[in-house]
Amino acid sequence: MNARLQLPSSEAVAGSAAELLTVLRAAPPLVQCITNSVVTGFTANVLLALGAAPAMVDITGEAGLFAGISSGLLVNLGTPTPEQRAASLEAVGGANAAGTPWVLDPVAVGALPVRTGLARDLLALSPTVIRGNASEILALAGRTAGGRGVDALDGTEAAADAARELAERTGGAVAVSGPVDLIVDAGTAIRTANGDALLTRVTGGGCALGAVMAAFLGAARQTGDSPVVAAAAATLVYTIAAEDAAQGAAGPGSFAVRLLDALSAIEPAGVAARARVEVAAAVTA
Amino acid sequence: MNARLQLPSSEAVAGSAAELLTVLRAAPPLVQCITNSVVTGFTANVLLALGAAPAMVDITGEAGLFAGISSGLLVNLGTPTPEQRAASLEAVGGANAAGTPWVLDPVAVGALPVRTGLARDLLALSPTVIRGNASEILALAGRTAGGRGVDALDGTEAAADAARELAERTGGAVAVSGPVDLIVDAGTAIRTANGDALLTRVTGGGCALGAVMAAFLGAARQTGDSPVVAAAAATLVYTIAAEDAAQGAAGPGSFAVRLLDALSAIEPAGVAARARVEVAAAVTA
Amino acid sequence: MNARLQLPSSEAVAGSAAELLTVLRAAPPLVQCITNSVVTGFTANVLLALGAAPAMVDITGEAGLFAGISSGLLVNLGTPTPEQRAASLEAVGGANAAGTPWVLDPVAVGALPVRTGLARDLLALSPTVIRGNASEILALAGRTAGGRGVDALDGTEAAADAARELAERTGGAVAVSGPVDLIVDAGTAIRTANGDALLTRVTGGGCALGAVMAAFLGAARQTGDSPVVAAAAATLVYTIAAEDAAQGAAGPGSFAVRLLDALSAIEPAGVAARARVEVAAAVTA
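Protein chains in written order, with the numbering used here: chain L, 46 to 330; chain V, 46 to 330; chain A, 46 to 330.
These are calculated hints, taken from the structure and not from any lab test. Even glycine gets a Cβ: it sits at the ideal position worked out from N, Cα and C. Please note: incorrect hints may appear among the correct ones.
The following residues of chain V were derived to be distant from chain A, with all beta-carbon distances above 12 Å [as the list claims (entries may be wrong)]: (1) Leu52; (2) Pro53; (3) Ala100; (4) Ile114; (5) Gly296; (6) Gly298; (7) Arg303; (8) Ala307; (9) Val324.
Derived contacts from chain L toward chain A, CB cut-off under 10 Å, selection only [stated by the list, open to error]: (10) Ala291; (11) Gln292; (12) Gly296.
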């Protein structure tokens, strides 16, 4: 198989980001979020600002049913209470039965046993996209114990092999967040270089990106874009908005406020013009 | 019965809004909130900004006892965990035993079975005020399955009959939020037309209004205003503050920040002068 | 014992505040927070803005293990679900076994039985620092039923004896928040007078200070500062940042945003120069 021939161009990825943003606003995807208690409000506000419709349906008896009618689902393991753990499995069952794309954000897996066990169970259910930092991706792939492993400062490349391996196992895409974001599937490696360090000073800066990916996966059901392209498109829109927000911000408080304003104001044409993206064939280790 | 003779004038409702705001700030009502995990922080900040005293007492063993000493209670069904469901019933029992007024916000009832069952149980316990959008009010009245029913864009009038029917069943008031807010009891229909579309772009924009209604019901225990007038007064104060907040806002992020500032700064005289309110007799369907 | 000879000078406390802030930013302490659902996001953002690393690990099966590797732990009783209550006891067990310092914030103890019982159990486990308002400290010491007792307006001195008594029982420090903050241990009474009344108009204004204390206790493991000095240092840094935030704030909404910006920008030299602090020997009642 000559993966090169199937690769999208950088321009095509940037164009998909602009198109998916247009589609999302024209027909707001219903995004179900099962996420941690720290970032629920910020995550919902990010989705609303962007133009999507958030719904935090995270209890058993409702989560699975709702996953069948939602456009995309986020499962974030930041504060996984017993009720949320059961609801996550129920939701993913409903999503997989209905063909609803879903994102797994394995927050802090590795050293913490409860979420790590749940993350492995969820991994076996083939998430459409996995999103995490390098440390989390390495831990989920079983290459480190997490936490004490690769620091965020090491950048995303340290997790490139682990990301591709996970993508091969799930048949989906894996996004590694960092100064350069790396989004891969079995054959493609997309690197994006927009954003601002202030995103790491706001709680939920990464978690909300997982929700934006679920929204873009929902929009991609209309355009036919692949999960790796949808995840890269979400990253581009979110991190370009972060650049706008950082301009004139006096610190992390005003940055977070301005990020919501910027997500609401960002235009597809600006995304296409400002995207810093490279596409390469995934290299077998 | 000639309901027309008992109707308050528009000027009287605007005047009650100003007076209740004055009373609320002079003797801050203790507002117990059992609300969803997405909006807890924003809701508490709205109440604090306005001048009320929020208390999120939402566990069994405490919720009922506290409802007996609080000035008003909000029960919002946005993310009803098993513990919250039990605490809601306990709290309402305590509220009804003590004569504490309470607000039911039946978020997303209709298609989702767990909250829909709970909402019906709570409806039978006679909430002082029910607050929702048109779709939720229609679903709670059993006229649609919710969600797939009337869209928010259809406005509040589509739910006018359902709202009056619910008010007749509970003996209280029902508030339908939308571009024009409709607040009814068995004999009265109050329409208010203040506000800004940005309220729909902030998570908790509607949920926090339910808490403000609970605060105004608490203040109304001193003035003797009826639930329908107290709910309309809360709507006027909140939506007029939203108009102030929208001026100069750069998007939903700065709007939410400015809404808290505006709720803190809003003066009773300004509320009375700027209220856009009409009062009519409820028409039997 | 001549406590006077062991007392730090006011200048020394101000100097410790500056030094601990420097140490905290050079080696960000990992701060585990088990806190209420209203303030989780704001608390994490306060820690991130300051330069610390928050981690909301609050489920059983993880909380105790994580307390063994964290730099400091906060246990806040604002919304104590059954799962959080069990996790709190597990976390404190892990913290005490590992020598991790921990802060108890007994929100609203006294009239509410569930949290009051838990607070007494936790009190027996010797928190490094207890932080609350005067009413909560009096209730925890068994001197009032709480709530109906001393109002915040009465100031912190009304709880001075109760605070010292609790400090003697735990061997740690007790911080009473108010217009003048009082931080005591068995032999020392530190009073600080920085801050702004807007802190009381933002939900989590006090709760987040408990988390900052846990962060400073973590940093104090490197400097050897005592708990009472670390708690006073945290109070100084936080309340001086609040003064910066209040300047130019238009109300509680913009104040909260500016507080995060100010915590990120505040410099150790400014803390040392602006600290309003007095140190006295604790007086036996």
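Right, here's what the structure says about each hint:
1. For Leu52/V, the non-interface assignment is confirmed: its Cβ lies about 36 Å from the closest Cβ of chain A, beyond the 12 Å cut-off.
2. Annotated as non-interface, Pro53/V keeps its C-beta farther than 12 Å from every C-beta of chain A; the closest such distance is 31 Å.
3. For Ala100/V, the requirement that its beta carbon stay farther than 12 Å from each beta carbon of chain A is not met, with the minimum near 7 Å.
4. With 12 Å as the threshold on Cβ separation, the claim that Ile114/V sits away from chain A is violated: the shortest Cβ distance comes to roughly 8 Å.
5. Taking the minimum C-beta to C-beta distance to chain A, about 14 Å, the non-interface status of Gly296/V holds against the 12 Å cut.
6. With a least CB separation of 9 Å from chain A, Gly298/V falls inside the 12 Å interface cut-off, contrary to its annotation.
7. Listed as a non-interface residue, Arg303/V fails to keep its Cβ farther than 12 Å from every Cβ of chain A; the least gap is roughly 6 Å.
8. At roughly 7 Å from the closest C-beta of chain A, the C-beta of Ala307/V falls inside 12 Å, breaking its exclusion from the interface.
9. The beta carbon of Val324/V is kept farther than 12 Å from every beta carbon of chain A, the shortest such distance being approximately 32 Å.
10. Annotation: interface hint on Ala291/L violated; nearest CB of chain A at approximately 13 Å, more than 10 Å.
11. The beta carbon of Gln292/L comes no nearer than 15 Å to any beta carbon in chain A, farther than 10 Å, and the hint placing it at the interface is violated.
12. Hint status for Gly296/L: holds, given a least beta-carbon distance of 3 Å to chain A, under 10 Å.
Violated hints for the displayed structure, listed by number in ascending order: 3, 4, 6, 7, 8, 10, 11.
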